[in-house]
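Using the sequences and the hints given, assemble the complete structure.
One-letter residues, chain by chain:
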Amino acid sequence: MSLTTDPVTTPTTPTNDEFVAPGRPGSLVEVKPRYENFIGGRWVAPTKGQYMENVSPVTGRPFCEVARSTPEDVELALDAAHQAKEAWGATSLTERAAVLNRVADAIEANLEMLAVAETWENGKPVRETLAADIPLAVDHFRYFAGATRSLEGRSTEIDKDTVAYHFHEPLGVVGQIIPFNFPLLMAAWKIAPALAAGNCTVVKPASPTPWSILKLAEVIGGIVPPGVLNIVTGPGGEIGKALASSPRIAKIGFTGETTTGRLIMQYAAQNIIPSTVELGGKSPNIFFADVMDEDDEFLDKAIEGLVLYAFNKGEVCTCPSRALIHESIYDRFMQRCLERIGKIRQGNPLDPATMIGPQVSAQQIEKITSYVDIGRQEGAECLIGGHHAHLGGELEGGYFFEPTVLKGSNNMRVFQEEIFGPVLAVTTFTDEADALSIANDTLYGLGAGVWTRNGNLAYRMGRAIKAGRVWTNCYHLYPAGAAFGGYKISGVGRENHQMMLEHYSQTKNLLVSYSTKPLGFF
Amino acid sequence: MSEPTPVARVVATPEALEAIGLLVAERGPVMFFQSGGCCDGSLPLCFDDGELIIGDHDVLLGRVGGCPFYIDGRQFEVWQHTQIILGVGAGAPEGFSLPAGEDGHFVITSRVFAPDELRAGPLRKGDTVVDS
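Residue numbers (this note's numbering), protein chains in the order written: chain A, 45 to 566; chain B, 140 to 271.
Treat the hints loosely; a few may be bogus.
As the list claims (entries may be wrong) - Derived Cβ-Cβ restraints for the label pairs, each shown as a range:
hint	chain 1	residue 1	chain 2	residue 2	range
1	A	Asp417	B	His196	28 to 34 Å
2	B	Gly189	A	Gln94	24 to 30 Å
3	A	His434	B	Gly189	16 to 22 Å
4	B	Pro153	A	Asp344	49 to 55 Å
5	A	Lys387	B	Gly189	39 to 45 Å
6	B	Asp188	A	Arg86	39 to 45 Å
7	B	Pro254	A	Leu155	54 to 60 Å
8	A	Gln379	B	Asp187	49 to 55 Å
9	A	Glu116	B	Gly189	20 to 26 Å
To be verified - From chain A, some residues computed to sit far from chain B (all C-beta separations above 12 Å):
hint	residue
10	Gly85
11	Thr91
12	Arg112
13	Asp183
14	Ala313
15	Leu343
16	Glu359
17	Ile412
18	Glu422
19	Leu480
20	His520
Simulated from the structure, these hints should not be mistaken for lab results.
From the three backbone atoms N, C-alpha and C, an ideal C-beta is built for every residue, glycine too.
Shown next as structure tokens:
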């Protein structure tokens, strides 16, 4: 069979449904020239008066300024949070849940506006932000509004006159560092459980995506009591460090790369506080031979399941970036997949027909290009794509990369490192044991996918793969209520589940004697 | 007859060496740690020397501009067939790393070693290595 090696991009003719870019006449999204920090329920200029340009990856051009904060601003945010923590921690669950539900309602009422803002900020297609990022964020606040009310403390009758009561108490003030790949959804994943558990938070968005969360603050800032939610923008090396190493936080949550994850845990160790770190993955997506037993809806779903590596341009910690395909179906299955990949529409992400937008920054393009280069040096065969895409016109300066597939073997670096772009590494396996061995031959263990019509096989594989989430006959679903987190160096802790409330709470034990009798020791 | 000199596992471009020189002059010694994983993974992170605690299982790949360049020992196992070339890209760092010069960040490119190429190391922390 022949596999195309031509550049893949399908030229996109803009449709009439294209959303107007933020800040332009007729847009749903207002853009101010300059944004300050959100501290104590109001907009506060950075102490040193410095700002930095915020660039849209769609055009590569700046469209507003945000605060270039310094550690002094982190202290201001911590001041506000500490001032608010007693009252918020003492707020009844009824009221706390009501606040979270009002937050969800406000986001929902501004769904299109926030979806367009998120797309302009990050580059992800508006079809994704409209259908996934923002609705999931809405649902996340609602989930934790309900979860916190259903979370019960426990009591134990130690003996007939002695009772151990266990209460959940808020930690107080927490720090949370958000990644650039889902600026709003990952913020919701962190903020909702922290607030639901009665904490106040200081949030630092990622340097490439500081703005959409400020648009969120415009929407929900008046709903959350002052000081409960604080947002400080600026460089990670300065304010990220100032926040993570502060003795004034009771927990730190972080999503990002492994070295900073280590640093975060080191700072947490120095302050003797807990941390939750989610550090990425190199997730295998395994296709057994029986997916091709029929040419039916399920096969169509499995093909889409492979192509989901291009979802959010591959900027997903759980990107199914290693496809393992049974050798007996490889040629036929891959041909179908490559045909589908060839039809991916790349272009302006504000066009609802666009399937893949630009990477978040020029630095990401630089990294992805260097990985394709090393893949070629290692002997990987480029089946499709492989280049920085130049789309011309206003998009010429955008950070577009062609959906790419590299065929090779699992010991190559392109199979071992998270590329964080639309680059799939594909290889074959001989049998179940071989598939499992390749799947687990990685430093990471965040996600995995298993595709088969055989439920027993799916179960065995799902249990044997060393990863925190194994999608079975599906991929890239992120419903609230399904725990998410890593095995191995993919991190420590879980998100997206009621169990997070425990991670954002202290356990208070009251050990009460209802007996009047002395112990008799003294 | 003298032993052939092994090829360094990490080397730096003139731009990177200049950026390191500026950082050292301004702040004192710095260190590098090769990252992995999500977001800015695959970037070399630069910190003030000692900022990140080096563990017994980290590998010292070499020195650049007099500063140590480490990688996680497990990551070294899957990277060891490649040489790392430290360079400078445009734009301030997106994560926790110190910048490279006024408006730059450290980056790496990689080169696959030839099968018969004599490679230096691996080394553990505390080992003495000369500049590459």
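Enumerate the violated hints, using their earlier numbering and listing them in ascending order. 3, 5, 12, 14, 16, 17, 18
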